[in-house]
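Number of protein chains: 2
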Amino acid sequence: MECFKTLNKVLSKNKIKLIKSLDKKKNRLDSGFFVAEGKKLVIDLLQSDIVVYEVFCTKLISDEIIHYKPDLKIENIKKEELLRISFLKNTPEIIALCAIPKSVIDWDEIKCNLTLVLDSIQNPGNLGTIVRLADWFGIRNIVCSEECADLFNPKVVQATMGAFARVKVHYVPLSGFLKKANDLKIPIFGAFLEGENLYECELTSSGLVVMGNEGNGISWDISTYVTRRINIPAFPPDVISSESLNVAIATSIICSEFRRRIICKELK
Amino acid sequence: MECFKTLNKVLSKNKIKLIKSLDKKKNRLDSGFFVAEGKKLVIDLLQSDIVVYEVFCTKLISDEIIHYKPDLKIENIKKEELLRISFLKNTPEIIALCAIPKSVIDWDEIKCNLTLVLDSIQNPGNLGTIVRLADWFGIRNIVCSEECADLFNPKVVQATMGAFARVKVHYVPLSGFLKKANDLKIPIFGAFLEGENLYECELTSSGLVVMGNEGNGISWDISTYVTRRINIPAFPPDVISSESLNVAIATSIICSEFRRRIICKELK
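Going down the list, the sequences are from chains A and B.
2 is the number of the first residue of the first sequence in the working numbering; add one for each residue after it.
2 is the number of the first residue of the second sequence in the working numbering; add one for each residue after it.
Simulated from the structure, these hints should not be mistaken for laboratory data.
Note that beta-carbon positions come from the ideal geometry of N, C-alpha and C, so glycine has one too.
Partner residues aside, some chain B positions facing chain A, computed with beta carbon under 10 Å: (1) Ser245; (2) Ser253; (3) Phe259.
Please work from the sequences and hints to get the whole structure.
Encoded structure:
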């Protein structure tokens, strides 16, 4: 083990400063970088469209990583140095510095697929969970209002478990996006407590599904673009129960029902 | 405001010590108490079968609380003292000391209803979310293995948003419980990656649904009691996506499908 230690370089102060600064949204936007941690996640990213600018890892793991991208810039550092730059409780074997991808909305893709639209989702854990379940249900685009938690927050990156390497997340002013969707006659579903019963209402194989803020639901101005209001019925309907479901839970139930209709060939 | 301050008593050192100790499972088991915080939650508990032993709140809120239980033991304390005993980031207006209820499994109730069975769910947030969604879907019993996170952990109590006042959570050795369910011919569903497609398999209006540990799924010995293996299909089936769904998300999708079948009258 001692021989490896002598091989490991000391990370420059400037790089440490840059990486440590990336827990703040402003610094991510200014630099254009975000941080991803852990072997599985970094390998997922190396196989995706996301540009991995540089990785920091112990010598032990670098031989394996280089297979995924032979021209990858790798800096071997000591485990103690990984501890200094990591945002996780358990220090990972590898940390990657990645470029925040430019978001381009492909309207042809939106027209033919199911897309999630998030109106002011505040909790980073909820956003991470929603990206992960979108990946499971083959949803390729999530459109977020600018008030939503930031996908590139180290906690959200981690919570997506690599799913964000496959799901495109866009931050746009929602009104403009939904106005265009309306003009293109794309169905816009929205989750409301007073909506139609999800299980019995008519669904389509493509369209937008709008989910609202944890405390306040869908905001009034956004609700005006919704063409179909849907609701997950409590069971049984006449008994007092929780006032609402967590937004990630509600999103998963709605996505599941959209996909079930296709799998069970119940869509026209 | 000054007049209220003089009315407020100083909490005894012994009570502070007791309450502060209740973040540890051992201390909760030894004392038989747990802590619930915040007005909405405490009011939910006062309207449930759970015994609220004493509440600590500012004078301002006690007049409202007393309506729910006229013989309630109330101690008026200063806001600063609430801060000292609270486990939350935002100090609540009220903190209640409650008795951990004795768990008694009612087999007649289990036979006729849908029940969740949790095998080593480790994350307190997941457990809290599952109790909340169980409440939404009218599930009255959750049976946990003794390795599961503890419901009476202050974080879990808070995450359930009052749902745990309505859902009974039992901690039992799972093998014995499932053996008895098998003897009583109660259907035992279990979530497995290689199970039958949830949307197309036969479901029943009552029975047990077993959900496994976050990392390892259902343990081998518990899996031997499962009579029907079910799986939530990814979409589309041939594309690489996340390896698994979060356990609370998977539980919600399965509960939703069980309830949909009843609502849409698709069960025999």
